[in-house]
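Colleague: Chains as they are written, first to last, in our numbering: chain P, 15 to 148; chain S, 15 to 148; chain A, 15 to 148.
Simulated from the structure, these hints should not be mistaken for lab results. Built from N, CA and C at the ideal position, the CB exists for glycine as well. Treat each hint with caution, since some may be false.
Selected chain S positions facing chain A (in silico; Cβ < 10 Å) [to be verified]: (1) Gln17; (2) Thr58; (3) Ser104; (4) Leu145; (5) Ala146.
If you anchor each label on the Cβ, the simulated ranges turn out as follows [said to hold, decoys possible]: (6) S:Gln19 <-> A:Ser34: 31 to 39 Å; (7) P:Thr39 <-> A:Ala81: 34 to 42 Å; (8) A:Glu43 <-> P:Gln116: 19 to 27 Å; (9) A:His23 <-> P:His23: 38 to 46 Å; (10) P:Gln47 <-> A:Ala87: 46 to 54 Å; (11) A:Gly35 <-> P:Thr123: 21 to 29 Å; (12) P:Leu22 <-> A:Thr139: 24 to 32 Å; (13) P:Trp124 <-> A:Thr123: 32 to 40 Å; (14) P:Thr123 <-> A:His23: 13 to 21 Å; (15) S:Arg136 <-> A:Leu93: 42 to 50 Å; (16) A:Gly117 <-> P:Thr39: 32 to 40 Å; (17) P:Gln47 <-> A:Gly117: 20 to 28 Å; (18) S:Ala68 <-> A:His23: 43 to 51 Å.
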Amino acid sequence: MPQGQFELHSNGRREFIDLSGRIRTIVRESGIQDGLLVLYNPHTTAGLTINEGADTDVQRDILDTFARMVPDAAHYRHLEGNSPAHVMASLSGASVSIIVHQGQIQLGTWQRIFFCEFDGPRRRTLRWLLLADR
Amino acid sequence: MPQGQFELHSNGRREFIDLSGRIRTIVRESGIQDGLLVLYNPHTTAGLTINEGADTDVQRDILDTFARMVPDAAHYRHLEGNSPAHVMASLSGASVSIIVHQGQIQLGTWQRIFFCEFDGPRRRTLRWLLLADR
Amino acid sequence: MPQGQFELHSNGRREFIDLSGRIRTIVRESGIQDGLLVLYNPHTTAGLTINEGADTDVQRDILDTFARMVPDAAHYRHLEGNSPAHVMASLSGASVSIIVHQGQIQLGTWQRIFFCEFDGPRRRTLRWLLLADR
Numbered sequence: 015m016p017q018g019q020f021e022l023h024s025n026g027r028r029e030f031i032d033l034s035g036r037i038r039t040i041v042r043e044s045g046i047q048d049g050l051l052v053l054y055n056p057h058t059t060a061g062l063t064i065n066e067g068a069d070t071d072v073q074r075d076i077l078d079t080f081a082r083m084v085p086d087a088a089h090y091r092h093l094e095g096n097s098p099a100h101v102m103a104s105l106s107g108a109s110v111s112i113i114v115h116q117g118q119i120q121l122g123t124w125q126r127i128f129f130c131e132f133d134g135p136r137r138r139t140l141r142w143l144l145l146a147d148r
Numbered sequence: 015m016p017q018g019q020f021e022l023h024s025n026g027r028r029e030f031i032d033l034s035g036r037i038r039t040i041v042r043e044s045g046i047q048d049g050l051l052v053l054y055n056p057h058t059t060a061g062l063t064i065n066e067g068a069d070t071d072v073q074r075d076i077l078d079t080f081a082r083m084v085p086d087a088a089h090y091r092h093l094e095g096n097s098p099a100h101v102m103a104s105l106s107g108a109s110v111s112i113i114v115h116q117g118q119i120q121l122g123t124w125q126r127i128f129f130c131e132f133d134g135p136r137r138r139t140l141r142w143l144l145l146a147d148r
Numbered sequence: 015m016p017q018g019q020f021e022l023h024s025n026g027r028r029e030f031i032d033l034s035g036r037i038r039t040i041v042r043e044s045g046i047q048d049g050l051l052v053l054y055n056p057h058t059t060a061g062l063t064i065n066e067g068a069d070t071d072v073q074r075d076i077l078d079t080f081a082r083m084v085p086d087a088a089h090y091r092h093l094e095g096n097s098p099a100h101v102m103a104s105l106s107g108a109s110v111s112i113i114v115h116q117g118q119i120q121l122g123t124w125q126r127i128f129f130c131e132f133d134g135p136r137r138r139t140l141r142w143l144l145l146a147d148r
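Next up, chain P with everything else stripped away, as it sits in the complex (with noise of 0.2 Å):
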């Protein structure tokens, strides 16, 4: 049954970790050569995206950015103190879905598939799915 779940955990309040070999080797040992992987994130103030690697500045930005696009120091309502994490999840996504051709994910050369964890450090339990295209 082509479908399962894996363990992290993160180290940062914020910060992306790159699965994209955990995938890889998910989808390598599933046999499967063309089809869809779908990976969900099941928590409520993480998301899933898909971004540059080679450069880590890049995931940097992305999060200085979103710090600046939901900052801390606004009213939120929410008594927990991470509404921002929250809106972060609405904006990044609960899942990822990669197109698998002749047993590999077409990523672009570019890219890598992070967990973004926006109020760490905890530890996250991801589920992913492969849909075989037969």
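For this one, chain P is given, so just place chains S and A on it according to the hints.
Modeller: Just chains S and A now, with coordinates in the frame of chain P:
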């Protein structure tokens, strides 16, 4: 044929409407055990998101933050006056994809599926598809 | 095998390019009646979105609002100078999923599928997958 549509009514100009219960019913009645549920919003001034449902203040904080990011009091060309709602539709996205396992959508503990009304009140139609993993 | 890719050229630094016609052709030629179309963007300074196509002012308003949210005149670390385009890529997302019913993509009345160029002009390649619901 595991696809269909359903209607809903929004009551306010901007609000989140929890669709999790309806989606659980759709998945249960389909009899599908493992696969992917795709929920699709065909409207251009509304969106879909997955976020916390326990404290309704989180929904309010997300809507308020979107309104600060995309203020009504800015210059827009579109003469209908609802450009902010169109921008918010692109920020939240037109669909959500959720993994189904053992007959259940795999939402996280605090996650709910929300229809995001950005230009209500209106009558809206949503479309869904269930892809079985066979 | 219902997957493939196609090329397009952007002409401006930032613009929306309507792909709805191409996608309708792809779905028609596939012969698939019911299922899911996934369109994937492998570039890190571009995105995909679904929004209104009738009044081109809406596209302009979305791009202008994105530029206010992610201004060029802010501090970014990435030395290539296109960090705002990377942020916009994460805001819009790397893929769109659209339900196919009776051989037709189920776009809403006013919806069009847009490629979002955030750092053009460039030659871009997009990838698509059609999952049949059998």
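Colleague: May I ask you to test the hint 42 to 50 Å on the CB atoms belonging to Arg136 (chain S) and Leu93 (chain A)?
Modeller: Once the Cβ atoms are compared, 46 Å apart, the range 42 to 50 Å for Leu93 (chain A) and Arg136 (chain S) holds.
Colleague: Restraint: Gln17 (chain S) near chain A, CB-CB cut 10 Å. Satisfied or not?
Modeller: holds (6 Å)
Colleague: Check the following: the C-beta atoms of Glu43 (chain A) and Gln116 (chain P) are separated by a distance inside 19 to 27 Å.
Modeller: The hinted range 19 to 27 Å holds for Glu43 (chain A) and Gln116 (chain P), with Cβ atoms some 21 Å apart.
Colleague: Can we keep the Leu145 (chain S) interface hint, with Cβ of chain A closer than 10 Å?
Modeller: Because about 6 Å separates Leu145 (chain S) from the closest Cβ in chain A, which is inside the 10 Å limit, the hint holds.
Colleague: Does the Cβ-Cβ separation between Gln19 (chain S) and Ser34 (chain A) fall within 31 to 39 Å?
Modeller: violated (20 Å)
Colleague: Honestly, do Ala68 (chain S) and His23 (chain A) meet the 43 to 51 Å range at C-beta?
Modeller: Holds, since Ala68 (chain S) and His23 (chain A) (Cβ atoms, about 48 Å apart) stay within the stated range.
Colleague: Tell me if the beta carbons of Gly117 (chain A) and Thr39 (chain P) are separated by a distance inside 32 to 40 Å.
Modeller: holds (37 Å)
Colleague: Please test the hint of 38 to 46 Å on the beta carbon pair from His23 (chain A) and His23 (chain P).
Modeller: Taking Cβ atoms as reference, His23 (chain A) and His23 (chain P) lie about 43 Å apart, which means the hint holds.
Colleague: Determine whether the Cβ-Cβ distance between Gly35 (chain A) and Thr123 (chain P) falls within the hinted range of 21 to 29 Å.
Modeller: Given about 28 Å between the Cβ atoms, the range holds.
Colleague: Please check whether Gln47 (chain P) and Ala87 (chain A) have a Cβ separation lying inside 46 to 54 Å.
Modeller: holds (47 Å)
Colleague: Taking 24 to 32 Å as the hint, is the beta-carbon distance of Leu22 (chain P) and Thr139 (chain A) inside that range?
Modeller: holds (31 Å)
Colleague: Given the hint of 32 to 40 Å, check if Trp124 (chain P) and Thr123 (chain A) actually sit that far apart at their C-beta atoms.
Modeller: With a Cβ separation near 36 Å, Trp124 (chain P) and Thr123 (chain A) satisfy 32 to 40 Å, so the hint holds.
Figure legend: structure checked against the earlier numbered hints; the only hint not met is number 6.
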